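Residue numbers (my numbering), protein chains in the order written: chain Z, 1 to 152; chain B, 1 to 144.
Hints in this document: simulated from the structure, not taken from any laboratory. Computed from a predicted model, the values in this text were never measured in an experiment. Hints may be right or wrong, so weigh each one.
As the list claims (entries may be wrong) - So, partial list: chain Z residues that the calculated Cβ filter (under 8 Å) puts toward chain B: (1) Asn89; (2) Asn92; (3) Thr95; (4) Ala108; (5) Ile111; (6) Tyr114; (7) Gln115; (8) Asn119; (9) Cys120; (10) Leu122; (11) Lys124; (12) Phe131; (13) Lys136; (14) Phe141; (15) Leu143; (16) Pro149.
Said to hold, decoys possible - Result set (DSS-like, lysine-lysine): computed pairs, CA atoms no more than 25 Å apart in a straight line: (17) Z:Lys77 to Z:Lys136; (18) B:Lys45 to Z:Lys124; (19) B:Lys27 to Z:Lys112; (20) B:Lys3 to Z:Lys94; (21) B:Lys84 to Z:Lys145.
What the hints assert, rightly or not - Partial pick of chain B residues on the chain Z-facing surface, computed with a CB cut under 7 Å: (22) Val15; (23) Leu17; (24) Tyr52; (25) Arg55; (26) Phe121; (27) Leu133.
Every residue, glycine too, gets a C-beta built ideally from N, C-alpha and C.
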Amino acid sequence: MKSDENGKESRRIEVLLVEDSPGDVRLTQEAFREANGAIQLNVTTDGIEAMAFLRKQGDHADAPRPDIILLDLNLPKMDGREVLAQIKNDDNLKTIPTVILTTSDAEADIIKSYQLKANCYLSKPVQLAAFETLVKSINDFWLTKVHLPPHG
Amino acid sequence: MYKEVLLVEDSPGDVRLTQEAFRDANKSIRLHVAADGVEAMAFLKREGAHSYAPRPDIILLDLNLPKMDGREVLAHIKADSVLKTIPTVILTTSEAETDIVKSYQLQANCYLTKPVQFDEFASLVKIINDFWLTRVKLPQQMQP
């Protein structure tokens with residue numbers, strides 16, 4: 001992590017997880033907590049709430065801009081493909097790396113997500129240990145090695 | 001199945017280091033190299049000497065390139081309906097924020113900086129292999 005303007009060695013990394021399964025939310029929280037103490041995990045449980053968070057609307061007026069978004073595809077109210085399309089068509093939001101994290105292995109979902117400009121596509125393993133390993137690999141790659149766009 | 005990687009890089013030293021690091025990390029990678037932006041686009045569009053070029057599973061793209069620079073290569077890839085789904089990873093020495101923001105605006109899939117030290121460079125290539133070529137679901141190869 002680069003030093004910020006105040007000379008701090010690191011700052012909080014804001015992650016937005018868009019996920020409707022309480023079990024998966026909890027597993028993701030626990031795995032990130034173990035992997036990286038600097039991560040602030042924000043959770044929205046449907047697509048409408050995700051867009052309200054990103055646009056700082058309603059209850060989310062004070063929401064931080066996420067450094068990265070982890071997006072499930074199958075969501076209530078507004079589905080993940082629609083959320084992805086809205087993010088990537090918004091001049092202000094489109095630079096936020098958006099990682100698809102879903103149980104779907106369907107080729108149609110993979111190709112559609114890349115067409116809609118997902119930054120990468122990961123499928124959620126069912127086994128707990130494999131799920132933890134995946135979250136750790138997201139941390140090791142996206143939140144450690146990658147240069148993320150600065151907060152604009 | 002082989003994974004086809006297109007490395008767009010003009011520095012012979014970096015090409016060699018990348019080749020060696022991929023060879024250590026994953027035997028099933030075929031690394032193709034284009035040394036400038038014009039050659040990269042010819043490879044991707046199967047023009048001239050590249051008429052039999054495979055479609056890459058992933059592109060590793062330097063920003064500062066002769067003939068056509070990496071930003072323009074990236075813009076061409078992401079504006080092409082056939083090529084735009086190929087994950088394109090920026091791999092450059094630049095840490096300038098303008099380059100980072102511009103690359104994400106042009107829909108780079110991610111932005112990585114090349115370390116100067118050899119062992120760190122090898123470890124970055126291994127991480128690219130472990131993440132992009134092992135974990136990530138890449139779009140399936142389509143017949144041309």
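Tested hints:
no.	hint	in the structure
1	Asn89	violated, 12 Å
2	Asn92	violated, 11 Å
3	Thr95	holds, 4 Å
4	Ala108	violated, 10 Å
5	Ile111	holds, 5 Å
6	Tyr114	holds, 4 Å
7	Gln115	holds, 6 Å
8	Asn119	holds, 5 Å
9	Cys120	holds, 5 Å
10	Leu122	holds, 6 Å
11	Lys124	violated, 11 Å
12	Phe131	violated, 12 Å
13	Lys136	violated, 11 Å
14	Phe141	holds, 4 Å
15	Leu143	violated, 12 Å
16	Pro149	holds, 5 Å
17	Z:Lys77 to Z:Lys136	violated, 29 Å
18	B:Lys45 to Z:Lys124	violated, 34 Å
19	B:Lys27 to Z:Lys112	violated, 29 Å
20	B:Lys3 to Z:Lys94	violated, 29 Å
21	B:Lys84 to Z:Lys145	holds, 24 Å
22	Val15	violated, 21 Å
23	Leu17	violated, 17 Å
24	Tyr52	violated, 24 Å
25	Arg55	violated, 13 Å
26	Phe121	violated, 12 Å
27	Leu133	violated, 12 Å
Hint compliance for this structure: hints 1, 2, 4, 11, 12, 13, 15, 17, 18, 19, 20, 22, 23, 24, 25, 26, 27 are broken, all remaining hints hold.
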